[in-house]
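Trainee: Sequence:
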Amino acid sequence: MAGTALRDFDGGTQKTYQRMIEAMDAQIGRVLEVLDANGLTENTIVVFTSDNGGERFSDTWPFTGKKSDLLEGGLRIPMVIAWPARIAPGRTSDQVAITMDWLPTLLAAAGTAADPGCPPDGMNLLPSLTGNAAAVDRKLFWRYKGKWQHAARIGDYKFLKILDNTFLFNVVEDPLERGNLKERHKDVYDRIVAEWQAWNASMLPEIAESFTRSFTGEELADHYGSQKASGAPDPIVPLPPAAQLR
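Here the numbering used here is used: the first residue of the sequence shown is 59, the next is one more, and so on.
Please keep in mind that the hints were generated in silico from the structure rather than gathered at the bench.
It is possible that some hints are incorrect.
Cross-link-like lysine-lysine pairs, in silico, DSSO-like; alpha carbons within 27 Å at most [stated by the list, open to error]:
1. Lys205 with Lys286
2. Lys244 with Lys219
3. Lys244 with Lys286
4. Lys203 with Lys286
5. Lys240 with Lys219
6. Lys73 with Lys240
Label-pair distances were calculated between CB atoms; the ranges are [what the hints assert, rightly or not]:
7. Thr170 with Gly275: 28 to 34 Å
8. Ala290 with Ser151: 38 to 44 Å
9. Gly289 with Ser116: 23 to 29 Å
10. Asn238 with Thr107: 27 to 33 Å
11. Pro185 with Gln285: 42 to 48 Å
12. Ala95 with Trp257: 21 to 27 Å
Glycine residues also receive a C-beta, built at the ideal position from the N, C-alpha and C atoms.
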């Protein structure tokens, strides 16, 4: 039926977005009130997070990029957890985390673990959430067919590829991803690209039939020049073995 599509670009404002957030906040509040009323708050785990970066009307500062981008604004998401019995209120953590961490974390909170034959991709965050465990270095990898994007974060550094453009950023010192360090720190760039290539080789291959999309210049004015995403796998030829082993 006309007018029933969930995806449209012919309306919306930040004021509407504000009302949506307020409505969501009110409904979350109702859930928390029921937990309180039934004496369940102390030992109930409540997680507030997101599945991707900011939408059209969201503010992703101090990052650039939005949903469907592998820029930090498309990757960084809110994560708040409450578990009064185990997690002290008001704490923050510098531990780099990813959505796949929730499975091993919640299994550990329940006193169990994943089947050793099917290990999860993430790590258990409970030591960081419930204590003062030191942050653990991570290696995180992404790929997205829209704009043929690749990304890897190892330590403070991030490799990023968008179409034929490649970058190396220190995303701790430069969260806006403005200073391309790939020539200044070519050894770091080559190492992280090689690690991305090794990870990618261990994944299922990209296929033309899998869904992908990204915002176009027709949809969003600040994406001028961006074309409809091709469903084809990235045509870039993998690095030669000598570069991978560098």
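Trainee: Are the hints correct? Go through all of them and say.
Mentor: Here's how the hints hold up against the structure:
no.	hint	verdict
1	Lys205 with Lys286	holds, 9 Å
2	Lys244 with Lys219	holds, 15 Å
3	Lys244 with Lys286	violated, 32 Å
4	Lys203 with Lys286	holds, 11 Å
5	Lys240 with Lys219	holds, 11 Å
6	Lys73 with Lys240	violated, 40 Å
7	Thr170 with Gly275: 28 to 34 Å	violated, 49 Å
8	Ala290 with Ser151: 38 to 44 Å	holds, 40 Å
9	Gly289 with Ser116: 23 to 29 Å	holds, 27 Å
10	Asn238 with Thr107: 27 to 33 Å	holds, 30 Å
11	Pro185 with Gln285: 42 to 48 Å	holds, 45 Å
12	Ala95 with Trp257: 21 to 27 Å	violated, 47 Å
Hint compliance for this structure: hints 3, 6, 7 and 12 are not met, and every other hint is.
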